[in-house]
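Asks: Now for the letters of each chain:
There are 2 protein chains.
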Amino acid sequence: MTIERRGLMCVLSSPSGAGKTTIAKYLLDHDNNLKMSVSMTTRKRRPGEVSGKDYLFTQEEDFNKAIADDEFLEWAKVFDNYYGTPKAYVEQQLSHGQDVLFDIDWQGTQQLAQQARGDLVSIFILPPSYSELERRLHQRAQDPLDVIHKRMNKAAEEISHWAEYDYVVINENLTQTVDEVAAILSAERHKRKRLIGLSQFVKKIIQKQ
Amino acid sequence: MTIERRGLMCVLSSPSGAGKTTIAKYLLDHDNNLKMSVSMTTRKRRPGEVSGKDYLFTQEEDFNKAIADDEFLEWAKVFDNYYGTPKAYVEQQLSHGQDVLFDIDWQGTQQLAQQARGDLVSIFILPPSYSELERRLHQRAQDPLDVIHKRMNKAAEEISHWAEYDYVVINENLTQTVDEVAAILSAERHKRKRLIGLSQFVKKIIQKQ
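Quick mapping for you: the protein sequence lines, in order, are chains W and Z.
Under the numbering used here, think of the first position of the first sequence as 1, with each following residue one higher.
Under the numbering used here, think of the first position of the second sequence as 210, with each following residue one higher.
No lab work stands behind these hints: they were computed from the structure.
Where is the CB? At the ideal position from N, CA and C, for every residue including glycine.
Heads up, some of the hints might be wrong.
Distance windows between CB atoms, simulated [to be verified]: (1) W:Glu-172 to Z:Leu-237: 20 to 28 Å; (2) Z:Thr-230 to W:Glu-164: 34 to 42 Å; (3) W:Ile-206 to Z:Met-210: 40 to 48 Å; (4) W:Ile-67 to Z:Asp-388: 38 to 46 Å.
Output of the computed footprint for chain W on chain Z, the stretches with three or more beta carbons under 8 Å from beta carbons of chain W [said to hold, decoys possible]: (5) 334-346; (6) 359-372; (7) 383-397; (8) 405-414.
Below, a list of computed lysine to aspartate or glutamate pairs in the EDC-like style, where the Cα atoms sit at most 20 Å apart [unchecked claim]: (9) W:Lys-203 to Z:Glu-381; (10) Z:Lys-413 to W:Glu-164; (11) W:Lys-204 to Z:Asp-263; (12) W:Lys-208 to Z:Glu-343; (13) Z:Lys-402 to Z:Glu-381; (14) W:Lys-193 to Z:Asp-375; (15) W:Lys-208 to Z:Asp-375; (16) W:Lys-203 to Z:Asp-263.
Just need the whole structure built from these sequences, with the hints factored in.
Replies: As structure tokens, this is what we get:
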């Protein structure tokens, strides 16, 4: 029994070290109805990267024209490179009932929220404690202490935006966290407002068809 | 890792024959944080019923006084008996982080929605088709056809209110439906606005405690 529904945009944000990338990978591997959003970028393609899969590679002139034409849901300049989410691609997915996953920070989420309206489901992943976050950042990197210190400050800044999200999940145990995020997706798919085929379906039941 | 949170009121509505009672029973048996709401009623206690567990039994005079004092979240008169949900009991549960399940129809849900504000999570269970609903109503009852016919009309009336609910789940397969309703509860428990202990928790992470 599948009722036609509009797709949703699921944003997963967290400080680096809270497990977001692992959670996203697991969801994408196990959920046929979820696709990663593909960003447009002006940065050079790296060996092994596929245009249209990893990124949509483009030139700065074209990117700037797309900004001027309001073709992005959100965009940012990171160092010398531009990154943005094309509206047309996402709208096409949503209108076909396909859910799109975004791995963006609080700034991207704020931009997205301006345009996404009812389509946005934003989830913030928190580490279980300061010491656990520190441990994970250490484990992950062979970097000197001052680099880790900078990363901790950046993490604290990201965490300070938790209150802008719809849902908050604390990643103490990865399996449980993945289940909790999957439950959020399942629930949001049963929101009445997304089930655009429901009105027709109910009519059939009431009219004895 | 348990963050202090406010409980929620979960309303499960459906036409008779859509499986609501079975779903509610399963949830209550498997979810320690969910309790059935206890109604106050003026009807006579039946053998085996326990006051304070099945119902809070009371006299009509006291019930009317409680109505006048605005002590119910919702109430109704069914034939000669009054039934109502006491505000104080529910508020006590919610403020202790306990979730409360309500098995009420669309009229009760409308009343509840007026007072519950952010605490309400309303779920409507639909049968997969007209013929399946008919089959289940037949199976359930040894009643004559005109009684079943009346019950079908009542079911159609209840179904017509589906659009007043937050979530809609189609009960085609009971195991799947129970999972879907449990996922809604899990998701709603991770709503940022319910996690009243989160602000303190985040402060500890950012301040390195």
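Asks: With reference to the structure, classify each hint as holding or not holding.
Replies: Results of checking the hints against the structure:
Between Glu-172 (chain W) and Leu-237 (chain Z) the beta carbons are some 27 Å apart, a value that agrees with the proposed interval 20 to 28 Å. The supplied range of 34 to 42 Å is met by Thr-230 (chain Z) and Glu-164 (chain W), whose beta-carbon atoms lie about 40 Å from each other. Range check, Ile-206 (chain W) to Met-210 (chain Z): Cβ separation about 46 Å, and the 40 to 48 Å hint holds. Hint check: Ile-67 (chain W) to Asp-388 (chain Z), Cβ distance near 44 Å, so the stated range 38 to 46 Å holds.
Evaluation of the coverage hint for the region 334-346 of chain Z: fulfilled, as 6 residues show C-beta separations to chain W shorter than 8 Å, against a requirement of three. Residues of the region 359-372 of chain Z lying with their CB closer than 8 Å to a CB of chain W number 5, which satisfies the three-residue condition for coverage. Restraint check on the region 383-397 of chain Z versus chain W: 8 residues with Cβ-Cβ distances below 8 Å, three needed, restraint holds. A count of 6 residues in the region 405-414 of chain Z with a Cβ less than 8 Å from any Cβ of chain W is obtained; the coverage claim is therefore met, three being the minimum.
Annotation: proposed proximity of Lys-203 (chain W) to Glu-381 (chain Z) holds, straight-line Cα distance about 17 Å (limit 20 Å). For the hint linking Lys-413 (chain Z) to Glu-164 (chain W), the alpha-carbon distance of about 18 Å falls within 20 Å, and the restraint holds. At most 20 Å may separate the alpha-carbon atoms for a hinted pair to count; Lys-204 (chain W) and Asp-263 (chain Z) exceed this at roughly 37 Å. A distance of roughly 10 Å separates the Cα atoms of Lys-208 (chain W) and Glu-343 (chain Z); the hinted pair therefore holds under the 20 Å criterion.
For the suggested pair Lys-402 (chain Z) and Glu-381 (chain Z), the alpha carbons sit about 32 Å apart, so the restraint of at most 20 Å is broken. Using a Cα cut-off of 20 Å, the hinted pair Lys-193 (chain W) and Asp-375 (chain Z) holds, with the two alpha carbons roughly 8 Å apart. Straight-line distance between C-alpha atoms of Lys-208 (chain W) and Asp-375 (chain Z) comes to about 25 Å, which puts the hinted pair past the 20 Å bound. At most 20 Å may separate the alpha-carbon atoms for a hinted pair to count; Lys-203 (chain W) and Asp-263 (chain Z) exceed this at roughly 36 Å.
Hints 11, 13, 15, 16, counting from the list given before, are not met by this structure.
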